[in-house]
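Q: Sequence:
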Amino acid sequence: MVIRQAAVDIGNDSLKAYFEKLENELLIPNVIAEIGLSRDIVELEKHPLDGLHVEIISDALKRGQGVYAVGHLAGGYDHNDELTTISDKSEADQPIVMLLTALAYDAAMASSNQNGVTEVTYYLSTGLPLSEAKRGKRKLFKQKLKSGTHEVRFHITPTIGGRTIRIHFEEVLVNIEGHVALIDLTTHDDGSVRNEELTHMNVLINDIGGLSTDAAIILEDGAVDNIHSDGIKEGVSPYLDEIMDRVYAETGYRFINRQQLIEVITTENEEERYHVWFRGKRTGIQSIVDEVLMKIAREEYKLIRSTWNKVPSIRVSYQIGGGSLLLRPYIERINELEEDYPLRFVSTKDSIWMIARAYFKLLKVYLKVKNEQYTAN
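Each residue of the sequence shown is one higher than the one before, counting from 106 in this note's numbering.
Please note that a few of the clues may not be correct.
For lysine to any residue, the following SDA-like pairs were computed, each having C-alpha atoms within a straight-line distance of at most 20 Å [stated by the list, open to error]: (1) K167 / N185; (2) K475 / L324; (3) K386 / G357; (4) K469 / D295; (5) K415 / L324; (6) K242 / L278; (7) K475 / V107; (8) K454 / L324.
No lab work stands behind these hints: they were computed from the structure.
Construct all of the structure, not just a fragment, from the sequences and the given hints.
A: Structure, rendered in structure tokens:
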């Protein structure tokens, strides 16, 4: 049986993962659509990630099985599903579908077995939001994954169609999303120390996601402040939905999904940023984007202020997560006019990958300790 290592951040907008080493990264938009075993195609997609069509059989799913389009493929269906604010990551099916699809894709691409069934055992490092961790959901999520076998069958998918992957879990580390960010901020990829000053002060990690925001306070000794660390059921996704609805109502242009809107807002092409093309005409949407994102930025700033009021000894606050990319100019504008807190924002790549990277580093530490214990015995 093949044994592999995986670190997976099941983000509200996309799944980010590392397999075996930090050079092997994977990103899949967090969109699924229930479809049939067959699908109409004119031409098969060029890459497996553009045509993820899977059947999943797993006790971790509420109904035990389902057939799904995942990621880019799902985005093309009108009835696709993106996570909503009522979804707990630990209880919803969609995170399980995303996780098992990503692991099966990794196993299929890494295996030379082109036919039949491939059995793979994973050491997995993943995580849940602070709000769910505080409610004791980590143990239940771990049990759901470890308690049985999970089978993923690729159907009409380029290169790996017809493959079946059976997934087992040797160990599942369920970390706390916001907390692990400090691990990445204070260690290089090889595990050596960086930003050592952060390990000697109280730090606020504000992880702005699609559906929620975690405000994790890390104390000088590295422990989480369990009393004052908190979060809000506010993230950028509902506001992106509002922007899409307003753009459609005012211009007639319909976004396929949130990711398409994010690309319009963040594109490096400054001429095309905040613009859509509808029936041959170029239309600006920045006024709508600014108005709506400023609303969520104010909610995020209220959380920052509230947290700092509870723990005045906080020295610095890091804004991370995909939401921080979208809200940075608005939060900075509010901060300049109000409290002028020492707020720091990480790079675009770090905001997307730092949680998954931290999971990978923690998995390496776990495996090293496990190996040392085995050797000692």
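Q: Evaluate each hint against the coordinates.
A: Going down the list of hints, with the structure as the test:
1. For a cut-off of 20 Å, the pair hint linking K167 to N185 stands: about 18 Å separates their Cα positions.
2. Restraint check: the Cα-Cα separation between K475 and L324 comes to about 27 Å, which exceeds 20 Å; the hinted pair is violated.
3. Between K386 and G357 the CA atoms are separated by roughly 11 Å; this keeps the pair inside 20 Å, and the hint holds.
4. The straight-line distance between the Cα atoms of K469 and D295 is roughly 10 Å, inside the 20 Å bound, and the hint therefore holds.
5. Of the pairs offered as hints, the one joining K415 and L324 holds, with about 13 Å between alpha carbons and a cut-off of 20 Å not exceeded.
6. For the hint linking K242 to L278, the alpha-carbon distance of about 13 Å falls within 20 Å, and the restraint holds.
7. A distance of roughly 18 Å separates the Cα atoms of K475 and V107; the hinted pair therefore holds under the 20 Å criterion.
8. A distance of roughly 26 Å separates the Cα atoms of K454 and L324; the hinted pair therefore is violated under the 20 Å criterion.
Violated hints, listed in ascending order, are 2, 8; each of the other numbered hints is respected by the structure.
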